[in-house]
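J.: Here the protein sequences line up with chains F and W, keeping their order.
The numbering of the first sequence is the UniProt record's numbering, which starts it at 1 and goes up by one.
The numbering of the second sequence is the UniProt record's numbering, which starts it at 1 and goes up by one.
Since the hints were derived computationally from the structure, they do not count as laboratory data.
Be aware that a few hints might be false.
As the list claims (entries may be wrong) - A few chain F residues that face chain W, going by a derived Cβ cut-off under 7 Å, partial list only:
id, residue
1, Ser180
2, Ala241
3, His243
4, Ala255
5, Val280
As the list claims (entries may be wrong) - Among chain F residues calculated to face chain W with C-beta under 10 Å, some are:
id, residue
6, His29
7, Ala32
8, Gly76
9, Gln80
10, Phe166
11, Gly169
12, Ser175
13, Ser177
14, Leu181
15, Glu183
16, Arg259
17, Ala287
18, Ser291
Unchecked claim - Over 12 Å on every C-beta distance to chain W, these chain F residues come out as not near it, computed from the model:
id, residue
19, Leu33
20, Gly52
21, Pro244
22, Arg269
23, Phe281
Every residue gets a Cβ at the ideal spot worked out from N, C-alpha and C, and that includes glycine.
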Amino acid sequence: MSPSEAPAEATEVTEVTRVTATRPSAGRHTVALFISELRLVFGRARTQVGLGVLAAVPLLIGIAIKLSGNSGGAEGFIGQVAGNGLFLIVASLGLSLPFFLPTAVTVISGESLAGEASLGTLRNLLTAPAGRSRLLAAKMVALTVFCLVATMTIWVSGLIVGFILFPVGDVLLLSGSTVSLGEGLLRALVIALVISLSLLGLAAIGLFVSSLTSTPLAAMAATFGTFIVLGIMTAIPQLHAIHPWLLMYRWQSFADVLRDPPYWHEIGRNLLLQAGYVAVFYTAAWARITSRDIT
Amino acid sequence: MGVAQRSRRWLVPVATVAVVAGVGTLGPVVADASPKLPSITAQDLLAKVQTAKVDGLSGTVRSEADLGLPAIPGMAPGSRELTDLLSGQHTARVAFASPDKARVSLIDNQAEQLWTTDGTSAWAYDSSKREATKLTLPAHKTAKPEKALPKAYDPQAVAKQFLDAIDPTTKVQVSGTEKVAGRDAYKLRLVPKTDKTTVGSVTLAIDSKTWVPLDVTVMPRTGNDPAVELGFTSVSFDVPAASSFTFTPPKGVKVTDQKVPAAREHPESAPPNRGKPVKPGKPGAERPDKPTVIGTGWDSVAMIRGANAAGLASNPAAGPLAQLLAKAPTVQGSWGRGKVLTTKMVSALITDDGRVFVGLVTLDTLQAAAAKAPR
Chain F
1 MSPSEAPAEA TEVTEVTRVT ATRPSAGRHT VALFISELRL VFGRARTQVG LGVLAAVPLL
61 IGIAIKLSGN SGGAEGFIGQ VAGNGLFLIV ASLGLSLPFF LPTAVTVISG ESLAGEASLG
121 TLRNLLTAPA GRSRLLAAKM VALTVFCLVA TMTIWVSGLI VGFILFPVGD VLLLSGSTVS
181 LGEGLLRALV IALVISLSLL GLAAIGLFVS SLTSTPLAAM AATFGTFIVL GIMTAIPQLH
241 AIHPWLLMYR WQSFADVLRD PPYWHEIGRN LLLQAGYVAV FYTAAWARIT SRDIT
Chain W
1 MGVAQRSRRW LVPVATVAVV AGVGTLGPVV ADASPKLPSI TAQDLLAKVQ TAKVDGLSGT
61 VRSEADLGLP AIPGMAPGSR ELTDLLSGQH TARVAFASPD KARVSLIDNQ AEQLWTTDGT
121 SAWAYDSSKR EATKLTLPAH KTAKPEKALP KAYDPQAVAK QFLDAIDPTT KVQVSGTEKV
181 AGRDAYKLRL VPKTDKTTVG SVTLAIDSKT WVPLDVTVMP RTGNDPAVEL GFTSVSFDVP
241 AASSFTFTPP KGVKVTDQKV PAAREHPESA PPNRGKPVKP GKPGAERPDK PTVIGTGWDS
301 VAMIRGANAA GLASNPAAGP LAQLLAKAPT VQGSWGRGKV LTTKMVSALI TDDGRVFVGL
361 VTLDTLQAAA AKAPR
C-alpha cells in the first residue's frame with residue numbers, strides 16, 4: 001500500500017471541506033473508516049476461528065513433542081523445542097508459514113471487497129463521501145493489521161505453551177553462540193514481524209482478486225489457487241530463472257534472524273519482493289475499484 | 001467519468017509492473033557500473049597481487065557453481081553430498097586475521113555450518129545436527145593451522161592457484177574495471193592459449209587499494225554462463241576481534257574431541273574441497289592413492305588408481321554413482337576400454353582396469369593422456 005497517498009488525499013479533501021465546512025472533517029472520516037474496517041474484519045466469526053486455529057498450532061506441536069518424550073532425532077527448530085520452550089515460538093511460526101498463515105490471509109483478503117459486494121454494502125460504500133481510494137486503503141490497512149495479529153497470536157500462544165511445557169533458558173543461535181532469553185524473545189518477535197510482512201504480497205493479491213468479483217468464495221479460491229500455483233512453480237528447478245520473482249521464494253529466510261549477527265540480506269530481498277507485489281496488486285485493485293460501475 | 005478516463009486508470013498498475021520489473025532487473029546492472037581507475041599493465045597488477053598482504057578481513061562470500069553436472073537421481077536435496085557442494089549457490093561469512101585465525105560459516109537454509117580456529121584449537125559446528133567437533137592442533141604446527149579450514153572460501157587462495165598455473169600457455173590481460181562488494185577493482189583476464197581445455201577464461205577482480213582478489217569467475221569454452229563464480233558480496237579490511245574466532249560449545253550441544261593427525265587434514269572436520277572444483281585431482285572417488293598428473297598447464301590430467309568401474313556399475317550399494325556410470329557411454333582406444341562422464345567443464349574417464357582420469361580437458365585430450373599414462 002502507499003502511505004504517501006492517503007495523507008495527500010486527506011489534505012486535498014480537507015481543502016474542500018474548508019470551503020464547504022458543513023461536512024465533518026476528512027481526517028475524522030478516515031480514522032472512523034479505518035476503525036470500522038478493523039471492527040468489521042475482527043468482528044467476523046471466521047476471523048476469530050482462524051486466529052483460534054493459529055493459536056492452537058503451538059499447543060498441538062507442544063503437546064506432540066511433550067508426549068513423544070524427546071525430539072532428539074529431529075533436526076532444525078523442532079528438535080530444539082524440548083530443550084528450550086522458546087523454540088516452540090520459532091518452530092510454530094515456521095510450520096504455520098507454508099500453509100496455515102497463507103490460508104488465513106487468503107480467507108480474509110478474499111472476503112474484503114467481495115464480501116461487501118455480496119452483501120450489497122459495497123454499493124453504499126462506493127457512493128459514500130469517504131472515497132473509493134480511502135476505502136481501499138482502509139481495506140489494505142486492515143489486512144496488514146490482520147497479518148500482524150495472526151503472527152502475534154502464534155508468538156503469544158507459543159510463548160505461553162512453551163513456557164508451561166518446557167524448560168526455558170539461554171537461546172542457542174544457528175551460528176553456535178548463545179544469547180539471553182530476553183534477546184531470544186526479541187528475536188522471535190522480529191521473526192513474527194518479518195513473517196507478517198512476508199504475507200503482505202499474498203494479501204495484496206487477495207485484495208485485487210476480491211475487487212474483481214462479488215462472490216467471496218470465488219475470490220478466496222482464486223487467491224489460494226494463485227498461491228498454490230506459485231508454490232508449485234517455486235518447486236520446479238527448471239524454472240530457476242524466474243524463481244527470485246516468485247512470491248514465496250525467500251519466505252524461509254526469516255531464520256536468518258537467528259544468526260550471529262543476524263543476516264539481513266535475504267530478508268531484505270524478501271521484503272522488497274513483497275513490496276513489489278503489494279505495489280502492483282494494490283494499484284491494480286485501485287484501478288479496478290475506482291473505475292467500477294455502481295450496480 | 002467517461003469510459004476512456006476510467007480505463008486510463010489501469011495505466012497505473014501497468015506502470016507499476018514496469019517500474020518494479022525495471023528496478024528488479026536493471027538495478028543491479030546500474031550499481032555495477034565500471035569505475036574509473038588509472039590504467040595498469042597486467043604484469044604490474046600480477047606483481048601487486050602476489051605481494052598483497054592484509055592483516056585481517058571479514059566479509060560475505062557468495063559462490064555459484066554450474067559445472068553442468070548431471071542431476072543424480074535419488075540424491076536428497078540439501079544433503080551435503082559432493083554434487084550439492086559443486087553446484088548451486090552458497091553464501092558464507094568469512095573472517096581472517098593474520099597469521100593463523102580464520103572463521104568460515106556456511107549459511108544454509110535455516111542452518112549454519114561453522115569452522116573456526118584461533119590458532120591453538122579448531123572447531124567445527126553443525127547447527128542442524130547440533131554437533132560440535134573440537135580439534136586440538138599440534139603445537140609445532142601453529143604456523144599453518146588454517147590448513148584445516150576450507151581455503152576454497154578464500155578468494156585469495158583460489159586466485160593464487162590460478163596465478164601459480166600461469167605460464168606461457170596463458171594470455172593475461174587487464175580487461176577493464178568493475179565494482180565488487182562496493183570496491184573499485186581491476187579485472188584481470190586469463191585466457192588459455194590451448195584449445196585442449198574446457199576452460200574458456202578465468203577472470204579475477206582485484207581490489208585497487210589492497211590488491212586482494214575479490215572475485216573469481218571461470219567461464220567455460222562453450223556457453224555464456226560462468227561455470228564457477230566465487231566472490232565477496234561485502235568485505236571489510238578491518239582486523240576482526242580475536243574473540244570472533246573463539247568458540248564456546250553451548251549447552252545441549254554434543255562435543256567430540258579429536259586430535260589432528262600430525263600431517264594430514266582430518267577427514268571429519270576438514271570440509272571437502274568445495275568451491276575448488278576447478279582443480280583436477282579430487283573427483284571424490286573412493287579413497288584412491290595419490291593422483292598422478294599427466295601433462296602440464298591447462299591440459300593436465302590427473303590419474304587415480306583403485307576405482308573399479310565394472311564393480312561400481314554392478315554394485316547396487318554404490319547407489320546413484322553406479323546408475324550414472326551404467327548410463328555413461330563406453331569408449332575404447334589403445335589404452336583400453338572405459339566409461340566416460342563429461343560435463344561442460346570436467347571430463348572423467350574410468351577405465352575397466354580401475355584407473356580414473358580427470359581433467360578440465362576435452363575428451364580427446366583425456367584419451368590421449370590415458371594412452372601416455374603408465375599402467
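J.: Indicate, hint by hint, whether the structure satisfies it.
T.: Each hint tested on the structure:
At a threshold of 7 Å, the smallest CB-CB gap from Ser180 (chain F) to chain W is about 13 Å, leaving the interface hint violated. Interface restraint check for Ala241 (chain F): the shortest CB-CB distance to chain W comes to about 11 Å, outside 7 Å, so the restraint is violated. Among the interface hints, the one on His243 (chain F) is violated; its C-beta lies about 11 Å from the nearest C-beta in chain W, farther than the 7 Å criterion. For Ala255 (chain F), the interface hint holds, since its Cβ comes within 7 Å of a Cβ in chain W; the closest pair sits about 4 Å apart.
The beta carbon of Val280 (chain F) comes within 5 Å of a beta carbon in chain W, closer than 7 Å, and the hint placing it at the interface holds. Violation of the interface hint for His29 (chain F) is found here, the shortest Cβ-Cβ separation to chain W being roughly 22 Å, above the 10 Å cut-off. Among the interface hints, the one on Ala32 (chain F) is violated; its C-beta lies about 26 Å from the nearest C-beta in chain W, farther than the 10 Å criterion. Taking 10 Å as the C-beta cut-off, the interface hint given for Gly76 (chain F) holds, the closest approach to chain W being about 6 Å.
With 10 Å as the threshold, the beta carbon of Gln80 (chain F) comes within range of chain W, its nearest partner Cβ sitting at about 7 Å, so the hint holds. Checking Phe166 (chain F) against chain W by beta carbon gives a least distance of about 12 Å; that is not within 10 Å, so the hint is violated. Restraint check, Gly169 (chain F) versus chain W: the minimum CB separation of about 8 Å is within 10 Å; hint holds. Interface hint status for Ser175 (chain F): upheld, as the beta-carbon distance to the closest one in chain W is roughly 6 Å, under 10 Å.
Annotation: Ser177 (chain F) was flagged as interfacial toward chain W, and the flag holds, the nearest CB pair being 7 Å apart, inside 10 Å. A hinted interface residue such as Leu181 (chain F) counts as satisfied when its beta carbon comes closer than 10 Å to some beta carbon of chain W; here the least separation is about 13 Å, so the hint is violated. Violation of the interface hint for Glu183 (chain F) is found here, the shortest Cβ-Cβ separation to chain W being roughly 14 Å, above the 10 Å cut-off. Taken as an interface hint, Arg259 (chain F) checks out: its beta carbon lies about 6 Å from the nearest beta carbon of chain W, inside 10 Å.
Look at Ala287 (chain F): its Cβ gets to within about 4 Å of chain W, closer than 10 Å, so that hint holds up. The beta carbon of Ser291 (chain F) comes within 4 Å of a beta carbon in chain W, closer than 10 Å, and the hint placing it at the interface holds. Distance check on Leu33 (chain F): its Cβ is at least 21 Å (rounded) from any Cβ of chain W, clearing the 12 Å threshold; non-interface status holds. Gly52 (chain F), annotated as away from the interface, keeps every beta carbon of chain W farther than 12 Å; the closest lies near 28 Å.
Here Pro244 (chain F) does not stay apart from chain W, with its beta-carbon only about 8 Å from theirs, under the 12 Å limit. Distance to chain W contradicts Arg269 (chain F) as a non-interface residue, since its nearest Cβ pair spans about 10 Å, not more than 12 Å. Not every C-beta of chain W lies more than 12 Å from that of Phe281 (chain F), the closest at about 8 Å, which undercuts listing it as non-interface.
Comparing the model with each numbered hint stated earlier shows that hints 1, 2, 3, 6, 7, 10, 14, 15, 21, 22 and 23 do not hold.
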